[in-house]
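**Q** Given these sequences and hints, build the entire structure.
In order, the protein sequences belong to chains A and B.
Under UniProt numbering, think of the first position of the first sequence as 1, with each following residue one higher.
Under UniProt numbering, think of the first position of the second sequence as 1, with each following residue one higher.
Calculated directly from the structure, the hints in this document are not laboratory data.
One thing to keep in mind: the hints can contain errors.
[As the list claims (entries may be wrong)] Result set (DSS-like, lysine-lysine): computed pairs, CA atoms no more than 30 Å apart in a straight line:
#1 Lys166(A) with Lys209(B)
#2 Lys194(A) with Lys237(A)
#3 Lys111(A) with Lys209(B)
#4 Lys209(B) with Lys119(A)
[Unchecked claim] Which chain A residues face chain B? A few, computed with CB under 8 Å, are given here:
#5 Val56
#6 Ala92
#7 Asp95
#8 Gln96
#9 Met101
#10 Gly106
#11 Leu117
Idealized CB from N, CA, C, for every residue including glycine.
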Amino acid sequence: MTAEQNVLSLTNIHKAFGGVVAIQDFSLDLKAGEVVALVGDNGAGKSTLIKIVSGVYTPTSGSIELDGEEASFSDASSARSNGIEVVYQDLALADQQPVFMNMFLGRELTKPPFGLLDKDRMRRESQELVDELDVRIPSASSTISQLSGGQRQGIAIARATHWASKLILLDEPTAALGVAETARVEDLIENLKKKNLAILIISHSLDQVFRLSDRICVLRRGQQIGIRETAKTDKNKIVSMITGVA
Amino acid sequence: MTRVTSRLNGLDFQQAVVYFGFLAIFLFFAVTLYDDGFLTQRNLTNIVLQTAPATIMAVGLVFALSAGEIDLSFGSIVAVSALSCAVILQDYPLPLGVAVGLGVGMGIGAFNGVLIAYLKLPSFLVTLATMGLFAGIARSMTDLRSIPVMNDTFTGIFGSGKLFSVPSLVIWTVIGVAVGHLIYRHTRFGAHVLATGDNPRAAQVSGIKVPRVRLYVMMICGGCAGLAGLLYAGRLQAAKYTLGESDLMTVIAAVIVGGTALNGGKGSVIGALLGSLLMGMLNNGLILMNLKVSDQMIVRGLIILVAVALSLRDSNR
Ligand SMILES: Nc1ncnc2c1ncn2[C@@H]1O[C@H](COP(=O)(O)OP(=O)(O)O)[C@@H](O)[C@H]1O
Ligand SMILES: [Mg+2]
Chain A
1 MTAEQNVLSL TNIHKAFGGV VAIQDFSLDL KAGEVVALVG DNGAGKSTLI KIVSGVYTPT
61 SGSIELDGEE ASFSDASSAR SNGIEVVYQD LALADQQPVF MNMFLGRELT KPPFGLLDKD
121 RMRRESQELV DELDVRIPSA SSTISQLSGG QRQGIAIARA THWASKLILL DEPTAALGVA
181 ETARVEDLIE NLKKKNLAIL IISHSLDQVF RLSDRICVLR RGQQIGIRET AKTDKNKIVS
241 MITGVA
Chain B
1 MTRVTSRLNG LDFQQAVVYF GFLAIFLFFA VTLYDDGFLT QRNLTNIVLQ TAPATIMAVG
61 LVFALSAGEI DLSFGSIVAV SALSCAVILQ DYPLPLGVAV GLGVGMGIGA FNGVLIAYLK
121 LPSFLVTLAT MGLFAGIARS MTDLRSIPVM NDTFTGIFGS GKLFSVPSLV IWTVIGVAVG
181 HLIYRHTRFG AHVLATGDNP RAAQVSGIKV PRVRLYVMMI CGGCAGLAGL LYAGRLQAAK
241 YTLGESDLMT VIAAVIVGGT ALNGGKGSVI GALLGSLLMG MLNNGLILMN LKVSDQMIVR
301 GLIILVAVAL SLRDSNR
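**A** Dropping the structure here:
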């Protein structure tokens with residue numbers, strides 16, 4: 001794979017829900033080790049775009065290429081098996097299950113000879129992972145409903161980083177977090193970048209966007225307003241692109 | 001932190017209800033009904049034998065409830081399965097009768113399951129309808145007649161027989177609960193059932209085939225009801241449309257008291273066993289007390305109400 005090859009290539013993506021056009025003619029290339037921030041007001045279509053890439057929605061038209069090959073994900077699990085992980089805005093955690101079962105949801109580890117669940121190993125690996133990422137929870141056996149919003153988000157991100165091999169999509173990962181927790185998540189995202197993963201992040205915090213991203217892509221009411229290199233733009237310009245007020 | 005510990009206490013409390021309830025009722029009857037022979041080995045064994053079919057139904061229901069579904073039709077499935085099996089056994093050998101009995105149960109479960117999982121109809125309404133539908137079919141199958149079961153091997157295996165002096169109904173109870181518990185707690189399928197009932201969206205985006213899980217839990221529920229039907233037919237040496245008719249409330253209560261959540265994501269097969277034994281003890285004790293049938297129903301209803309209220313105390317916060 002050449003350094004120049006795109007991990008993800010979206011071309012002329014269009015998505016309508018019945019009569020409502022949620023995404024109009026969207027194109028974006030994403031390289032390994034690159035962080036692109038997706039910004040825009042509520043209802044701009046950011047979450048919809050993420051769900052298109054992760055296979056939850058099928059675009060009405062347009063093409064999605066992964067590593068230069070046409071990809072059409074029929075559902076979320078085929079995107080996952082291609083190394084794409086998502087941290088959803090509305091956390092996709094099962095609240096009454098323990099942390100370690102959530103970490104391995106849908107990909108539970110089993111042990112021979114009967115193929116029964118290997119709970120010890122899942123517990124241990126989950127614990128190692130949350131320790132490594134410094135997500136502070138009582139234990140990997142804690143039930144999700146016993147955790148705070150920040151801890152839950154930590155679990156969701158830890159799960160995505162554990163399984164992603166190409167691309168991580170983050171939908172407002174720090175919206176529910178306090179200052180210290182946000183800083184930790186940002187460190188985490190920096191680390192992912194060093195691991196050469198491609199990252200698409202939605203955030204309402206422009207400070208955060210400018211700290212983390214290489215490029216910024218602006219959406220307004222489903223329309224792609226433009227893509228800017230973070231180093232060559234400033235907040236005022238991005239704000240006027242988001243709002244449409246010069 | 002105090003919030004966390006109080007939550008943990010709440011959980012413990014919920015799980016403990018069935019153990020305490022079990023002990024409390026056992027002790028109460030042991031003292032008050034000592035002279036009536038409640039504590040005799042014969043009577044205690046009888047309780048286990050009589051609850052065997054309900055326990056098997058309860059195991060199936062744990063799966064349906066944990067996946068966020070409900071089955072109200074299992075009582076009717078019991079009757080249809082038992083009757084089908086009995087009719088077959090009149091002319092054909094045992095394996096065919098057993099296969100038909102279990103197959104009918106799973107088949108009806110699959111019918112429920114397809115409507116729920118793929119046509120996305122609510123399980124409450126689907127199984128409310130099939131409960132009536134199959135109760136009617138059970139009545140019309142044999143014109144309300146009872147069908148005797150003469151096959152001694154069958155009545156031995158599914159009824160009065162013993163293996164190493166352990167009654168076969170006890171063995172079925174142990175097998176049913178052990179296998180159910182193993183699948184529920186220690187397989188990927190069990191984990192998927194819990195995830196589906198807990199948060200179907202999370203399950204789905206995690207690659208779990210949610211509709212298939214829903215179909216399978218309804219089939220398990222139907223299959224367990226089918227087995228319960230065979231156990232009734234074996235013990236009573238006959239099948240009748242009334243079999244399973246009165247089990248709906250008892251089995252649901254047993255499962256809820258045993259710590260299974262009505263709205264999915266949480267449950268216990270062992271708890272369901274204890275819940276079922278608790279209900280059996282209650283029946284037995286109230287009969288030994290010489291209460292009129294009407295009074296038995298009233299007392300049982302009230303006790304179930306209290307038990308269910310206690311075991312749901314924490315979850316309706
Ligand atoms: N499943 C859906 N069905 C119909 N309309 C939807 C659906 N999901 C999103 N939309 C619409 O698409 C638009 C974009 O929504 P969304 O992607 O959630 O915005 P954002 O994440 O940028 O706030 C909104 O107008 C929303 O109402
Ligand atoms: Mg959104």
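**Q** If a hint holds in the structure, say so; if it doesn't, say that too.
**A** Checked hints:
no.	hint	verdict
1	Lys166(A) with Lys209(B)	holds, 24 Å
2	Lys194(A) with Lys237(A)	holds, 28 Å
3	Lys111(A) with Lys209(B)	holds, 22 Å
4	Lys209(B) with Lys119(A)	holds, 21 Å
5	Val56	holds, 7 Å
6	Ala92	holds, 4 Å
7	Asp95	holds, 6 Å
8	Gln96	holds, 4 Å
9	Met101	holds, 6 Å
10	Gly106	holds, 3 Å
11	Leu117	holds, 5 Å
Hint compliance for this structure: no hint is broken.
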